[in-house]
Amino acid sequence: MRSAKVLVATVAVALAGCAAAPMGSSSAAGASAPPRLGQPISEAQLAKWNIDVRTPDGLGLPPGKGSVADGKKVYDAKCLACHGEAAKGGPVFGAMVGGIGSFKTNTRVLTPGSMYPYAGVLFDYVRRAMPMNAPQSLTDDESYAVSAYILHLNGLMPANGVGDAKTFTALVMPNRDGFISDTRPDVKAERCMSNCPPISSTRGKK
Amino acid sequence: MKLSEKMKELVESSRRELQGRESKSHDPGRRRMLGRTLAMAGAAGVATQAGAQALEVPPSAKEHGRPMPANEYGMPSKFEAHVKRRRTDVFVNRQNFSDWSMTPLHQQHGIVTPNGLIFERHHNGVPDIDPDKHSFVIHGMVRQPLKFSMADLMKYPSVTKFYFHECSGNGLTDWLAPKSKTVQQTHGLLSCAQWTGVPVATLLEEAGVLKEAQWALAEGADGASHARSIPMKKLLDDALLVYASNGEMLRPENGYPLRLFTPGWEGNTSVKWLRRLKLGDKPWHLRSETARYTDPMPDGKWRQFSMEMECKSVVTSPSGGMKIKPGTIEILGFAWSGNGSIRAVDVTLDGGRTWREARLEEPVLDKTLTRFRLTVKWDGAPMTIASRAMDSTGYVQPTVDDIKKVRAIVGFVQHHNAIFPWDVAASGEVSNAIG
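Sequences listed follow chains H and C, in order.
Counting along the first sequence from 1, when you hit position 22 you're at 22 in the numbering used here, and nothing is skipped either side.
Counting along the second sequence from 1, when you hit position 184 you're at 184 in the numbering used here, and nothing is skipped either side.
Treat the hints loosely; a few may be bogus.
As the list claims (entries may be wrong) - Far from chain H by the CB rule (all over 12 Å, computed), these chain C residues:
hint, residue
1, Lys78
2, Gly110
3, Ser306
4, Ser427
Said to hold, decoys possible - A short, non-exhaustive set of chain H residues, derived as facing chain C with CB atoms under 7 Å:
hint, residue
5, Leu37
6, Asp70
7, Met115
8, Cys196
Unchecked claim - Have a look at the derived ranges for each label pair, beta carbon to beta carbon:
hint, chain 1, residue 1, chain 2, residue 2, range
9, C, Met75, H, Ser137, 35 to 43 Å
10, H, Leu46, C, Phe412, 33 to 41 Å
11, C, Gln214, H, Ala170, 21 to 29 Å
Don't read these hints as lab results, they were simulated from the structure.
Where a beta carbon is used, it is the ideal one built from N, C-alpha and C, also for glycine.
Can you make the complete structure from the sequences, with help from the hints?
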């Protein structure tokens, strides 16, 4: 008698919870809907966090611009110490120039010039993560400029070029069509138990 | 019956030995020692040859231990200090901010990796984030962008699940020739823990997903603002907002106070120090999904968004750097699959010509490290040992040669799930035999 009353009360609470939660209607009787503790926030309030650039459409590339010439100044001041003169590789990281055309050889050289499918990828990475000891310290203009300089060093922008949302979206990068989607499982091995072909190993090659 | 016969034999042989000794010297200490040896053998339920030294009462039983620590987090014994994460020896990073360290799989007991040994991969070091100041945001293609505090997130109904966690680059130095010595360095970008958190679906429902939303950007609050595009299907299916592992809050190096966790998927999609999910209709094609974490394919192409870590296994004992003796040995290892649970593991001792099915140790769980064991006799002849796993989808772990037929193995290649051989020399020394 007493327990039946408790049960009825529990179900009533659960149903009330469902009614209050527009999308929580799948809750079973006895289980309560999760709380709704998210605090509404506007996209404007999120502006400083909202730094991503999507490609190929360039969504998120900000206003502003930076020239190759200005980019060299930024690079020499803030990047050269790790990446070396003219992005040829430095004491901490390897070259960021060259490698275009290397992907059909047995030695693929990965640089922003050879690897990135869109210029916006470079801008996004510079703005979010570089320089490594002071990420997100560059202005948008500086990020455009240093990205333009690196693209120039890779032969992808003229010396008098200027990086901005329009030029970075329009620029056709060498590896633009270099990516395919996941096709796995791409191998189909058999569960052989006897008289199997040996697996490749150092012993097999001795 | 058998045991009592052995005991009788042991008593007889001891008596003979004792009589022989007594004829040369009268040594009461020797008599006491033999008596104790027999008692020990009987207590252990195993009859052994009388060859052990007499046991003394250890000093630890005759003095105070250390006083109970007043305010200390318990640490492993000082005699276990060698069990730790290690970096690769194959090449040395010239900075340790974008770097990785590996789990000592050969020293792990059971399927759970202790928090202090879970592998690390950071893109710009380990941030120290005050949970009281951390905010997590859902925005983009939602009806109402929402901000959550850590305290509020932890009020939601949580789930706790065992899952393995593996870096897509696990094994990348050892595709075609032996480069790494130990299994820690060949396979240690792999761990397994019991993760606690809130299903992402719960919070997405609260924000109200617009029907156009197909992908979400997950971004960390670290110095790299590491980010990945994750399909909505995965977020709604089984992804978690994790704040604890193995019963305690995440360690800083594993994402404290909040990380995304994408079960069975390559480790870097489980974005650490998570600060936002931004919903959109297409993937972003960030550096971390174009220039990194992609697979070289024939004809100069690259495969991207290869998220699942496919079925794989490795023998952890005996493994590189160990030395075994002829006799009975137990072959021990791990198997796992990002596509399901482990159905079977086979072991070869002859370089793949013949295989025997190993025993799987409970529990055998979905997307979790599974232990396998096989007891064999080793006669001292050189051998090549390896394991091969099959998962619940029927997928069988391939060889490097199988993979080479469909992918290009040039440079540091991701997603190495091939069968991995160890060579055992006549000396008993075990070494990496990939090649």
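Hints, verified against the model:
Taking the minimum C-beta to C-beta distance to chain H, about 36 Å, the non-interface status of Lys78 of chain C holds against the 12 Å cut. Consistency note on Gly110 of chain C: stated as away from chain H, and its beta-carbon is indeed over 12 Å from all of that chain's, at 27 Å minimum. At roughly 4 Å from the closest C-beta of chain H, the C-beta of Ser306 of chain C falls inside 12 Å, breaking its exclusion from the interface. Distance check on Ser427 of chain C: its Cβ is at least 14 Å (rounded) from any Cβ of chain H, clearing the 12 Å threshold; non-interface status holds.
Because the smallest distance between the Cβ of Leu37 of chain H and any Cβ of chain C comes to about 4 Å, under 7 Å, the interface hint for this residue holds. Violation of the interface hint for Asp70 of chain H is found here, the shortest Cβ-Cβ separation to chain C being roughly 23 Å, above the 7 Å cut-off. Of the supplied interface hints, the one on Met115 of chain H holds, with its beta-carbon coming within about 4 Å of a beta-carbon of chain C, less than 7 Å. At about 6 Å, the closest approach between the beta carbon of Cys196 of chain H and any beta carbon in chain C falls short of 7 Å, and the interface hint on this residue holds.
Distance hint for Met75 of chain C and Ser137 of chain H: a CB-CB separation of about 38 Å, consistent with the stated range 35 to 43 Å. A C-beta distance of roughly 36 Å is found between Leu46 of chain H and Phe412 of chain C, which places it inside the suggested range of 33 to 41 Å. Distance hint for Gln214 of chain C and Ala170 of chain H: a CB-CB separation of about 26 Å, consistent with the stated range 21 to 29 Å.
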